[in-house]
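Chemist: This is what each chain is made of:
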Amino acid sequence: MIYGVLRTSDSASPIISGTMIATSLTIFLIVYGGIFGAYMYYLTKLIRVGPALPPPEDEEDMPEAIRGARPGLVVPAE
Amino acid sequence: MDLALIAAGTIAVGILIYVILDGFDLGVGILFPFAPNERARDTMINSVAPVWDGNETWLILGGGGLLVFFPVAYATVLPAFYVPVMLLLFSLIFRGIAFEFRHGADTSKYLWDRAFFGGSLMATFAQGLLVGGLIQGVTVVNQRFAGGMFDWFSPFSVLTGLGMVAGYGLLGACWLNMKTEGETQLWARRAAMILAGGVLIAMAAVSIMTPLMRPAIAERWFGGINALLLAPIPIMTALNAALLYYGLIGERERLPFFSAIGLFVWGYIGLAVSLYPNIVPPSLSIWDAAAPRSSMIFALCGVALTLPMILGYTYYAYSVFKGKASAHGGYAKH
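Protein sequence lines, in the order shown, are assigned to chains A and B.
Reminder that position 76 of the first sequence reads as 76 in the numbering used here, one-by-one numbering, no gaps.
Reminder that position 187 of the second sequence reads as 187 in the numbering used here, one-by-one numbering, no gaps.
Please note that a few of the clues may not be correct.
Examples of chain A residues toward chain B, derived with CB under 10 Å [claimed, not checked]: (1) Val5; (2) Ser9; (3) Pro14; (4) Ile15; (5) Ser17; (6) Met20; (7) Thr23; (8) Phe28; (9) Tyr32; (10) Ile35; (11) Tyr39; (12) Met40; (13) Tyr42; (14) Lys45; (15) Leu46.
Chain B is faced by these chain A residues, among others (derived, beta-carbon under 7 Å) [to be verified]: (16) Ser13; (17) Ile16; (18) Ser24.
Straight-line alpha carbon distances no greater than 20 Å define the calculated EDC-like cross-link-like pairs of lysine to aspartate or glutamate that follow [to be verified]: (19) Lys324/B x Glu181/B; (20) Lys45/A x Asp106/B; (21) Lys45/A x Glu100/B.
By construction, these hints were calculated from the structure, which means they are not laboratory data.
By construction, the Cβ of each residue, glycine as well, lies at the ideal position given by its N, Cα and C atoms.
The whole structure should be built from the sequences, with the hints applied where relevant.
Modeler: Shown next as structure tokens:
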């Protein structure tokens with residue numbers, strides 16, 4: 001862990017068993033895998049729908065907040 | 001100056017700010033399925049959407065501060081509470097992504113609603129388990145955790161867990177009373193009245209059980225003239241509770257929220273009085289757990305630089321989003 005000072009095996013917790021760590025690691029993998037699945041589903045859905053057509057009126061009239069889904073993530077005007 | 005004391009104070013204040021700020025947005029999540037309608041739910045999520053992730057920064061300050069300033073406390077508390085800490089982490093993952101995915105979902109919206117509620121509820125309960133487990137005490141031998149994996153589990157820690165759920169629910173309800181209008185506000189006010197009852201019962205039960213469980217804490221509160229010196233804490237708590245109900249019945253908008261915060265602050269001060277100077281009760285003090293002087297000074301300089309910035313942008317974020325929240329804008333469908 002620290003070169004020349006502390007070996008990894010000496011720094012490991014004596015209380016937390018390997019099974020505990022394996023369990024939480026497995027849950028992490030399942031949870032993040034699930035989130036990635038949901039993300040891919042949402043991504044393909046967005047691609048299928050395609051981009052929204054630009055509004056007919058000039059964009060200056062449009063309040064910034066409507067163009068971006070989230071404050072701070074405003075989509076720049078063309 | 002006593003560096004350990006300064007560091008402990010910094011972490012204590014950071015955790016208190018976390019409890020208050022993330023408390024109300026977790027509370028909004030706990031109340032989520034009980035909202036009167038879908039429009040109310042959209043408004044609720046919009047009321048916390050701009051600030052919830054900033055609120056959780058303070059948890060990182062607490063955890064990071066513990067590692068840097070009190071490595072022994074970090075190395076004993078985390079193994080002792082491995083299960084509740086993992087529960088807290090997984091719950092926060094589900095709750096955090098629910099904000100983003102709920103916004104984009106059509107048919108699966110109900111799933112993200114459940115993730116938001118379940119994550120908020122379990123994260124809060126896990127925090128209550130941690131508080132209860134700490135008051136009970138952690139078995140530390142030679143500066144190492146020497147207890148079992150499930151030492152934290154007891155009727156007492158389940159009580160503090162439920163008390164935490166009621167408490168964050170109360171903060172959330174008072175926040176919504178301030179940030180919403182009409183039907184949602186009426187509902188939030190009613191919810192706050194019920195939850196405040198639960199919080200007061202839980203606070204009273206913990207205050208009675210703690211000195212009974214730990215004689216040292218009983219001595220701290222009732223030994224000599226301490227009972228007289230510490231009397232302002234229960235008195236102020238009772239006054240705050242009265243102020244909370246006065247504000248709710250009088251249909252005030254801000255008073256209930258700030259009274260609910262006051263309730264948390266006095267409860268927190270009471271807890272600090274009980275546990276001081278131990279960082280890991282019952283025996284590990286802040287001086288036993290403190291890092292070497294050089295790393296303390298280095299890290300305190302970092303805190304002195306970043307803390308004003310965090311406080312500044314937090315204030316700015318809240319002032320930008322002040323006023324009533326609506327079902328539109330923010331995360332809602334346009």
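Chemist: Does the interface hint hold: is Ile15/A within less than 10 Å of chain B, judged Cβ to Cβ?
Modeler: Given a least distance of 4 Å, the restraint on Ile15/A holds.
Chemist: Just to be careful: measuring from the Cβ of Ile35/A to every Cβ in chain B, is the smallest value less than 10 Å?
Modeler: holds, 6 Å
Chemist: Should the interface hint for Tyr39/A be scored as holding, given a Cβ-Cβ cut-off of 10 Å against chain B?
Modeler: holds, 8 Å
Chemist: Take a quick look at whether Lys324/B and Glu181/B sit within 20 Å of each other, Cα to Cα.
Modeler: holds, 7 Å
Chemist: With 10 Å as the cut and Cβ atoms as the points, is Leu46/A at the interface with chain B?
Modeler: holds, 8 Å
Chemist: So, as I understand it, the hint says Ile16/A touches chain B; can you test that by seeing if any CB pair is closer than 7 Å?
Modeler: This interface hint holds because 5 Å falls under the 7 Å limit.
Chemist: Is the shortest C-beta separation between Lys45/A and chain B less than 10 Å?
Modeler: Holds. Min distance 8 Å.
Chemist: Minimum Cβ distance from Ser13/A to chain B below 7 Å?
Modeler: holds, 5 Å
Chemist: Does Pro14/A pass the interface hint, meaning its C-beta sits closer than 10 Å to a C-beta of chain B?
Modeler: holds, 7 Å
Chemist: Should the hint that Thr23/A touches chain B count as held when the rule is a Cβ pair under 10 Å?
Modeler: holds, 9 Å
Chemist: What's the verdict on Lys45/A and Asp106/B, does the C-alpha distance respect the 20 Å limit or exceed it?
Modeler: Holds. Lys45/A to Asp106/B sits at ~11 Å (cutoff 20 Å).
Chemist: Hint validation: Ser24/A versus chain B, beta carbon distance must be below 7 Å. Holds or violated?
Modeler: holds, 5 Å
When the structure is compared with the earlier hints, violations turn up for hints 1, 2 and 12 and for no others.
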